[in-house]
Amino acid sequence: MKLNNLRGYKDVVGAVKHVPTTSISRKIIPYLFLLPSLSGLILFRFYPIILNFYGSLYRTSYSSQGETSIFAGLSNYIDLYYDSVFWNSLKVTFILNLFINPIQITIALIVALLIKENTLFNRISRTLFLIPLGISIAISSSIWKILLNQTYGLISGILEFLSIPPQPFLTSSNQAIWCIVLVASWCGISYWMIFFLVGLQEIPNELYESAKIDGSNNWNTFWKITLPLLKRTILFVTVADTSANFLLFVPTYMLTKGGPNMSTDTLMYEAYSSAFIYSDFRRALTISSVLLIILLIVIFFEFKMLSKEDQ
Amino acid sequence: MKRILLLTTIVCMFLIFTGIVLAAEEITFIAGSWMDTNAKDFKEINGYDYIDRFEEETGIKVNVTTYPFEQLFQVIEVGMKAKSSQCDVLEVDSPLTASYAVRGYLDPIDDLLPPEEQGKFFPATVEIAKWNGKVYNMPFENSTQFMYYNKDLFEKAGIPFPSMDVNQRWTWEKVVETAQKIQKNINKEGETKIWGLLFDQVNRPYQMLVLPQSLGAGSGVSPDGLHVEGYLNNEGWIKAMTWWYNVNNTWKILPKGVGTSETIGMFAAGNIAMYVGGSWNIAFLEKTREEGRLNYGIAPHPYFKDGKPVTPTNSWHLGINPYSEHKEAARKFIKYLTSDKFMADWFKGVKQLTANRVMNEVIVNSPEYKKFPLNAYEKITTYELAKTATPRPTTPLWLEWEDSVGKAFSDVQNGSDPKTVLNNYSSILERMAKKYQ
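Protein sequence lines, in the order shown, are assigned to chains A and B. With the working numbering, letter number 213 in the first sequence gets 251, and the count goes up by one each step, no holes. With the working numbering, letter number 264 in the second sequence gets 265, and the count goes up by one each step, no holes.
Hints were generated in silico from the structure; no laboratory data involved. Predicted, not measured: the structure shown is a model, and the values here were computed from it. Possibly wrong hints are sitting among the right ones.
[What the hints assert, rightly or not] List time: in silico PhoX-like cross-link candidates among lysine-lysine, alpha-carbon distance up to 25 Å: (1) A/K183 / B/K194; (2) B/K420 / A/K129; (3) B/K253 / A/K183; (4) B/K253 / A/K295; (5) B/K189 / B/K253; (6) B/K328 / B/K309.
This is chain B alone, in the form it adopts within the complex:
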C-alpha cells in the first residue's frame, strides 16, 4: 500500500513539475531599440499589448531585449559566434540573410513561408529572405522613400511644386536644376545657408544604391553573390558615381559632413529644399508642420532621365536562432507576428510599412489615409512597393559590401575620382569575397 502511495506521489509530482515547465516556456526576442517605442504606439492605437496577447493565447512567455541600431548587429554576431542559445527569435536586417545563412546564424524556415503564402507579401521582401532557394527569415516590416520638399523655399524661389502623381515623378536632372535655382535665388552672394538637396541616409547603400540601379547598372554584385569585379565598377556605376561627385563638388547643392542622424533635423529646420527620405519621417515632419515650423510637401522618388524609376525597399525580418532550445515556441511567435491580422494592427498602430500586403487594405479603408500627409501612402507607397521597389543584393558578402560601398560613396562625396574609388573598392571586395567562394 505504502509503495502504491509513494508511486502515485512521484507520478503526481512529475506531472505537476512538467506542467509547470510547459506553462513556463520562455523565449527571448532580440530586437532594435525602436521596438520599445513601436510597442507603446501599437498599444495606444490598438488597445492591447502585443506581447501580453501572445502570452495569453499560447502560454509562452516572451522576453524582449532591445539594443540600439549598431549594437544589435554586434550582439547578434558575438552571440552566434559563441553558439549561444540565449536568444530564440532575432530581428534581422533583411540584406544580411545570405551572410547569416552561410555563417549558420539562422535556421531555415521554409515551412513558415510556403510558396502558396508568398503572394501575401510584397515581392522584394520574399526575394531578400531567401538564399540558395531556402527561406531563412520571415518578412516583417518594409520601407520606401519619398522626396519631401520645403514649400516655403519653393515659393520663395518662384518654382512650382512637384506633383504627388507617380507618373509625373521628377528626374534627377530636374532635381539638380531646381536645387541650383533655389540656392541661387535665396542665398546671398558667397554664402550657402539654404541647400538644394539632401538624402536621409546619406552615403548608405540602402539609400544610394538606387542611383546605379536606376541607370540599369545592377546592384553591384554578381548574380551568384560572390563577385563584384565588373559589377561594382561597370559603366553605369561610374556614371551614377560621377553624378554623385557633381552633386557634391561641381554643382555643390548638398551639404557635406552631415551624418544620417542629423539630416532630418536640417530639413525640419528649413535649410534644405528637397529631402529624399524614408516614409517613417512623416510622423516627425507632421509634428514640425503642426508647430508651424515647416511647410512641406511629398513627391515620388526621382529617377534618371535615361533610366527607370527604382526605389529603395526592405526592412527588418524575423529569424530563428539555430541554437535555440525553444524553436517550436519561436516559430509560433513569428507566425503570430506575421499573421494578416497582426500585420494590419501593426501598420495601424506603428505606421511602419509591413512586408505583408494587408497594409494596402488598411490604407484603402481608413479615412485618415485620404488626406495629407498620409494620402502619400495611397498615392505613392502602394505603387512603389508593387512596381519600383528593388531589393539590395543577396550576397554572403553583404557586411563587407555595405561598409565598403558606403565608404566609396563617402569618398566620392569628399572629392575623390569616382572611377578610381570604384576600382579600388572592387579589388578590396573581390579579395574579401574569396573566403565565401
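This is chain A alone, in the form it adopts within the complex:
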C-alpha cells in the first residue's frame, strides 16, 4: 500500500499491520533505521580517530629513498613528554578553556534570559544578537584583526581620542589570549544563546505563574525553577562548548599564529603547525590523540558533575 493513498485512521492502522512483527525483525528494524547515521559516524568519526591513533604509533625516517614509516610504539608520546612546546601548548589550552567556557555559557544564558519574552524590543534584540552567526569566523577574525591593530586599528584610535595610549592587543603576551577569548566569544555567545532560548521556552509558563502567586521574586524563581529545569540544556551547551573551544583554531590562526611568545599556541594550533608548516604529521597525530583523550576526560567530569547535581 502506497503511503500517499492512505485515507484516514483505518488506513493507517492497516498500514501498520503490514509491519513484520516477529521478534527478530522487531530487533533488526530499529538498527536498520539507525544504519545510515551510524555508518556516517563510523566512517567520518570513529575510523579517522582510529587512523589517528594508529598513525601516532609510527615514526618517519628520512633517507635517500625519501620518507619511510617505521613502527615506533609509544616513542612519539615519550618525545611529547619531553617537549617543552607541547607542555606550553597544553597550559595555554587549559587557561583558555578555563575562562572562555564559563564566560560564553554565562553570558549566553544571561542574554537568553533578558530577551526570552516575546516583545518587539526583544525580537529586534534577538535579530541583532544573531548577526555574528551570519558572518563566518574567518571573516570576523580578519575584521577583528584590523580593529585591534595597535598602529592603525579603530580601537587604538578610540583609545587615543580618549587620551589612553594605544594598546598592543595582539602583540603583547598578556593581552593576546584575551583577544582570542573576545573574538571567539563574539561569535560563540550568539550561537549558544539560541539553545538556551529554546530551553527556556520549554519551561511551562504555569510554573512561573504559580511561583508568582506564592510570592517568589525573580531571583528565587531563577534559582528554584529556571535553572533546575534548564539542566539538560546547560549540560548539552557545556559539553558542546567545551569541545568546540578545546578544538578552537580559526581565531588563533588568523589573529596571532600562536604568538606572541607562544602565548596563544594552543594544542590545536600546534597540531596544525606540525602537520602543515613543519610537515611532521606524526607529531601532529600524537598531539591530536592526546587532545582527544584530554577532551574525553574533561567531558566525562562535566557529565558526572552535572548529572550528580541533577540527582
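Add chain B to chain A, keeping to what the hints say.
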C-alpha cells in the same frame, strides 16, 4: 586475404592510437597565483603566450594550475605525501630544496644544469638549488632588495637624500639616526603618524636574515644543515636581534603589528620615511608616483658599520615531481622556461629578476633602464646579485627553521629579550632537527 586485411587494420589502428596518445601528451605545472598575472604581462610585452609557444614547438600540452602563496606549499606537501602523479612540474621556493630533497619530493636534475652551464646563472641561485652535491631544481627567478625612501618626508625634515651609488650605501646606524630625526622633526609632540623605517616582509627570514649575516654571524644553521645550537644563538645573532629590539622598543622607529601584505600600502600612503623592500615593488610604486601620491627615491640596501654589505636573494625555482609519469616532457618544459632566450623575454615582460644572467644584457641594451626608477637595476641590482647576494641556509630543517626564526624576530619585536628568545628557539629547533640527523 581476410586475415591480412584484419592484421593491417589492427596495425593501422594501433599506429593511429599511439600517434594520438603521443600528440596529446599532457603535463601539469603547479605554480603560485602570481604566474597568472605574469603570463598576461609577458604576453603583452612579448606578443606571444609562453604556454602556447611551448605547445606549438613540442606538441606537449601544459595545464597550469595556480594557488595562492600559502596554499601552494600545502598543495605540494599533501600531493607529495600521497605520492601523487597529478603534477609534473612544480614551482619550488628555492630554500626548500634540501627539505624537499630529503623527503623525496623532487627528482634530481643534474643533467639539466651541468657544471659548464652553471656560470650562466647568478651564483647564489645555483648554490641553493643543490643538496648533497646534486641539483634538485632549476633556478628560474631571482630577487634583491632596495631601500626606498620618501623624498617629501626627507625634504620636510631637512635631510639630504641617500645616494644610488652602491659604494656610498648607508649603514644601519645612519638609517636609525635619520629615522629618529625625521620622526622628531615631522610628528607632533606625543603622537607618531610618520614612522622612520619599515621592512617589506617584516619578521620573515628572507628579509631579516641579512642583519646577522651583515655582522658575519652566519645564516643560523651549521654547515651540514643539521644543527642550530651555537649558530642561531651566537654573539652576532644576539647583536643583530638586540638591534632589532632597539629599533622597535627603544628607538621606536618602526610601526608594530603591521603584516607583510600591509607594508607597501603604508609606504605608498606616505607614512614611512624609509622602506626596505623588494625590487618587485617598483611597478606599484611607479603607479603611485604617476598619480602624484608618492615622491620616492631608491638607494642600495643598508649594512652594519662593523659588518659587510649583504642582501637578500633567491626566489622561485622549477622542479620535477619524482612520481610524474611524464618526466621527459617535464624536463623539456623546464629547459624551455630556463633557456637564455626565454629568460630574457621573461625579464622584459614580467620585470621579475631572473636567475639567468641574461637579464643583465637586457638592462644594458634597453633605453628604459637608463632612467628612474628602472636605472636602479643597472646601478644597484646587477651589482648586488653578483657581489652581495647571500642565500638562505641550505638545510632539510628549512620549514621548521623559517617558521621558528620568523617567530623569534616577531617576539623580539614585541619586546622579548633577544638572548632568551634565541636560546629558546635554538633548543626547539635542535629537537626538531633530530629526525633528520
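Outcome of the hint check:
no., hint, in the structure
1, A/K183 / B/K194, "holds, 20 Å"
2, B/K420 / A/K129, "holds, 24 Å"
3, B/K253 / A/K183, "holds, 22 Å"
4, B/K253 / A/K295, "holds, 24 Å"
5, B/K189 / B/K253, "holds, 15 Å"
6, B/K328 / B/K309, "violated, 43 Å"
When held up to the earlier numbered hints, the structure conflicts with hint 6 and nothing else.
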